[in-house]
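> Residue numbers (the working numbering), protein chains in the order written: chain A, 1 to 576; chain B, 1 to 576.
A few of these clues could be false.
In this list, chains with the same sequence are indistinguishable; a pair is considered to hold if it fits within one copy or across any two.
Stated by the list, open to error - With a straight-line Cα cutoff of 20 Å, these simulated SDA-like cross-link-like pairs (lysine to any residue) come out:
| hint | residue 1 | residue 2 |
| --- | --- | --- |
| 1 | Lys182 | Asn51 |
| 2 | Lys311 | Trp340 |
| 3 | Lys311 | Val437 |
| 4 | Lys155 | Leu428 |
If you're looking for bench data, these hints aren't it; they were derived computationally from the structure.
Number of protein chains: 2
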Amino acid sequence: MGLPLLALVCCALMAWQHCAAEAAKARHFKWEISNMFWSPDCEEKVVIGINGQFPGPTIRARAGDTIHVQLKNALHTEGVVIHWHGIRQIGTPWADGTAAISQCAINPEETFTYRFVVDKPGTYFYHGHYGMQRAAGLYGSLIVDVAEGKEEPFKYDGELNLLLSDWYHESIHTQMVALSSKPFRWIGEPQSLLINGRGQFNCSLAAAHTQGANQCAAAVNTQCAPVVFPVQPNKTYRLRVASTTSLASLNLAIRNHKLTVVEADGSYVDPFVVDDIDLYSGDSYSVLLTTDQDTSSNYWVSVGVRGRLPKTAPALAVLNYGPNRASKLPALAPPVTPAWDDYDHSKAFTYRIRARAGTPRPPATADRRIELLNTQNKMDGHIKWSINNVSMVLPATPYLGSLKMGLKSTLAAARPAETFSRGYDVTLPPPNPNTTVGDNVYVLAHNTTVDVVLQNANALSRNVSEVHPWHLHGHDFWVLGYGDGAYRGDAADEARLNLRDPPLQNTAVIFPYGWTLLRFVADNPGVWAFHCHIEPHLHMGMGVIFAEAVDLVGQVPNEAVSCGATAAALMAGAHL
Amino acid sequence: MGLPLLALVCCALMAWQHCAAEAAKARHFKWEISNMFWSPDCEEKVVIGINGQFPGPTIRARAGDTIHVQLKNALHTEGVVIHWHGIRQIGTPWADGTAAISQCAINPEETFTYRFVVDKPGTYFYHGHYGMQRAAGLYGSLIVDVAEGKEEPFKYDGELNLLLSDWYHESIHTQMVALSSKPFRWIGEPQSLLINGRGQFNCSLAAAHTQGANQCAAAVNTQCAPVVFPVQPNKTYRLRVASTTSLASLNLAIRNHKLTVVEADGSYVDPFVVDDIDLYSGDSYSVLLTTDQDTSSNYWVSVGVRGRLPKTAPALAVLNYGPNRASKLPALAPPVTPAWDDYDHSKAFTYRIRARAGTPRPPATADRRIELLNTQNKMDGHIKWSINNVSMVLPATPYLGSLKMGLKSTLAAARPAETFSRGYDVTLPPPNPNTTVGDNVYVLAHNTTVDVVLQNANALSRNVSEVHPWHLHGHDFWVLGYGDGAYRGDAADEARLNLRDPPLQNTAVIFPYGWTLLRFVADNPGVWAFHCHIEPHLHMGMGVIFAEAVDLVGQVPNEAVSCGATAAALMAGAHL
Chain A
1 MGLPLLALVC CALMAWQHCA AEAAKARHFK WEISNMFWSP DCEEKVVIGI NGQFPGPTIR
61 ARAGDTIHVQ LKNALHTEGV VIHWHGIRQI GTPWADGTAA ISQCAINPEE TFTYRFVVDK
121 PGTYFYHGHY GMQRAAGLYG SLIVDVAEGK EEPFKYDGEL NLLLSDWYHE SIHTQMVALS
181 SKPFRWIGEP QSLLINGRGQ FNCSLAAAHT QGANQCAAAV NTQCAPVVFP VQPNKTYRLR
241 VASTTSLASL NLAIRNHKLT VVEADGSYVD PFVVDDIDLY SGDSYSVLLT TDQDTSSNYW
301 VSVGVRGRLP KTAPALAVLN YGPNRASKLP ALAPPVTPAW DDYDHSKAFT YRIRARAGTP
361 RPPATADRRI ELLNTQNKMD GHIKWSINNV SMVLPATPYL GSLKMGLKST LAAARPAETF
421 SRGYDVTLPP PNPNTTVGDN VYVLAHNTTV DVVLQNANAL SRNVSEVHPW HLHGHDFWVL
481 GYGDGAYRGD AADEARLNLR DPPLQNTAVI FPYGWTLLRF VADNPGVWAF HCHIEPHLHM
541 GMGVIFAEAV DLVGQVPNEA VSCGATAAAL MAGAHL
Chain B
1 MGLPLLALVC CALMAWQHCA AEAAKARHFK WEISNMFWSP DCEEKVVIGI NGQFPGPTIR
61 ARAGDTIHVQ LKNALHTEGV VIHWHGIRQI GTPWADGTAA ISQCAINPEE TFTYRFVVDK
121 PGTYFYHGHY GMQRAAGLYG SLIVDVAEGK EEPFKYDGEL NLLLSDWYHE SIHTQMVALS
181 SKPFRWIGEP QSLLINGRGQ FNCSLAAAHT QGANQCAAAV NTQCAPVVFP VQPNKTYRLR
241 VASTTSLASL NLAIRNHKLT VVEADGSYVD PFVVDDIDLY SGDSYSVLLT TDQDTSSNYW
301 VSVGVRGRLP KTAPALAVLN YGPNRASKLP ALAPPVTPAW DDYDHSKAFT YRIRARAGTP
361 RPPATADRRI ELLNTQNKMD GHIKWSINNV SMVLPATPYL GSLKMGLKST LAAARPAETF
421 SRGYDVTLPP PNPNTTVGDN VYVLAHNTTV DVVLQNANAL SRNVSEVHPW HLHGHDFWVL
481 GYGDGAYRGD AADEARLNLR DPPLQNTAVI FPYGWTLLRF VADNPGVWAF HCHIEPHLHM
541 GMGVIFAEAV DLVGQVPNEA VSCGATAAAL MAGAHL
């Protein structure tokens, strides 16, 4: 908020020349959000667009810059918010863009300005965080370059941006009704996968182009024409890849090309080379690719489904080696996505992610350990996801304002459990499948170090345990380790932890029947969501809230609390 | 608001026995509004329901009662309001339920309590008044009986309630996008007509039952099974009929039965007998029917489309003469709806509506005349409906609060025009089809008498002029007269006016190329919508606002202004 001023003060105190190079910029954007017709996969549906675009415009900034997004809600009857995924919002928790948590949803015709600093270079994205609006197409890329005068710890000649998503033909309104219905109705698998908002439903580009049959209409529709990535031979490209899927876990591969992973979730990782990368919803990576293949050909980029029996065709794009024509068909077939249930392949990839030297290291010990058992449950004819047997419901009035103002009855008297029964058998359906709902708010003391054990388990059906990517707002966490089966905290489990070079991430997966142990420092006062990033799972209650040193939060802007109990109290004369 | 207390005081002052019979009641309702799956015409879609019902529950009260509806919004991301159609809200303009006009939309998970007095007996209904939520099924009946100890001026043995509507398979979200799109997309005709929320798409009950072909699946689905109205022979029934259609103008007839019209829009009318009645969206009537036909048969009730080339099959219900079985097929075919463009038939019906003796009569003269030319226009690739060439847009902050608080820049400096060019040729498409948008707020002085001339005209296409039913909030008006062609205010036009027994109504139609003259007294401080009741037309800007003696409005409840500029001002220390 005060940073541009700070920059000016800095400039006043320093030699101007030096300062001009160093000073962070204020970057202003004016957005209008509205429903519009679009054909992401060649079938026309309604998407939520920004300034008439889908996906939304890419924000590009340098580390240290302040982003100002003046956002007008031009939806007809729906509120809206935008979450800046991976941006920690240090000192600006009210700009985190989580409805019912960090701010009041922006009402139709209202304008709200997000102001926040992008403090760390990296590959990020933004998306709606109200109901299931992300799944309606409300997302875009947010890319932060190193500050002026700084350098990335790796070299490349050009960049390619790949924002990956999945797409349902059914509206999110109908999806939300289905998921909330009694009896429960599952929304099924997405109809398409999208690369930069483009896919092809019910026709295979690869098949069409190689066999001449079933020609995809995509080519004639710019909204769903396959993305072409033009490259020059014998160069190195940085691919910025992020997944904002509603449901699907993805795998990305580029025929005949190795990928060197160098960044994950906005932190550098110790580079490693793979044939393909897994992306769970909420993940982002940078990978380096060298165009060292036969230059007479183009190559398929392929994105397929992992972790669920795939019913959705892979998304394809073209790596177009200059000077080949963009429309020249790749000579070789697209890469084949690894088997959906080849978890050994998934784990092999994930376990290789280590922090690059120089990355901050975690405190040696934690002050608190919160163990969160993930189960699928029943409640009064509904199906829910629960944490320690409580399914999260969000309040009418966002927590940040109501907790800051100390409004009575904001939190239930009983705090959620810190652990679950050591005897719980994660390999079986829950013995008592019934759950309740609750606020799932954990109150964190300032600057304490918190360990979170995420424990996966069997779902309601036998022999089913799904992958869940958990995303933390307001922080990066260190991923200390993964294990199979129930976490016991014994010597064997301890031995699986990595305190030497654990990666800093904001999203980490739990594998079926397994556990993941995260550590973070509660150094960012605010109220932060921590949840499964799968949109229907969050809708079904799969999350918790961290209320962190709320007394230390700065002046919350009125426009973030202009609803519900906070508005009522402020209108009655209370102060923030 | 204070009425129950008043009733108590009244009771304290009077003999208890007498008082108990006279005292008005407080009637409490607790509603939860949510999206749900429903099959109004045997095809499953999402409707907005109340307490799991579609249509919403019927409210029944006595004149003088105070209604308390504690309404929780359980939609996921959409605001909601409920308008009590035909209730004048004397002294409670904040309970009129018009988003952006009388109150802030109720946010998801929030609760708002509507409190208002139903001062006049009559046949009313309620419905959503935000975006096009009425068309999503958010409506129900509101029936006010005469006060205890009073009597209706006609006799009957029983009542039948018929709430009529139309139904689209496309969601209102998609409909709103279509209507707002560039290029414009028309939503087309509704798929079905509904009687008490039930219809049959793509199958004719009558045909099925009489010829055995194309059997409607309706019978097996209680949500779309035809409504059966059980009656006994040789009795008189009061049919309470109201139309809350999105688009369709309707005609209701019951085979072999005459209908005696006795009430329109909550006012008694001089009884007259017809074979069928027209209902435009927003209309309500009571008609008496005597079961004087062959008692061995049941009879079809039929509702068909008027005023637009009908592409929607009539809705059917069964008048079930006891002791016949409800499932016994009527021996005679359903009545045939008059030709859609037989406007002589329509006018003949409408012109017969006269006030019953004893109805308040209008002031002999008006203090002000506002002439409103209705045209269809173009604006920057969009299609709009305009009033005096300005298409209405609603503000982010509802008028009632912002005008009451005197917030700057709430109204544009220029007030909308009071008249239009006398030379305007209503028989041709607009010579300058381009329109602008504006607030269309007319400021009315307290207790002045206002005449409104609604002038219809040719739409954008040649030889097209549509029917528009205009509905006024907060008042009844006297319908002084109708005429064909351009209103000139000359002796011939004056001769068409009826100052002797004009009906008191809240909705009045303008016929194609014609005019309608209304008179009302601005005796109810508040901010009131006056608009075409056709949902897509209102969405396209067909309305104006009457800001009436806002300085005399009582204490607006905070919860009605808890958004936008009013919330901001109040949070900053301003007072209502």
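> Would you mind marking each hint as holding or not holding in the structure?
Hints, one by one, checked against the model:
| no. | hint | verdict |
| --- | --- | --- |
| 1 | Lys182 / Asn51 | between (37 Å within a copy, 14 Å between copies) |
| 2 | Lys311 / Trp340 | within (11 Å within a copy, 49 Å between copies) |
| 3 | Lys311 / Val437 | neither (32 Å within a copy, 48 Å between copies) |
| 4 | Lys155 / Leu428 | neither (49 Å within a copy, 69 Å between copies) |
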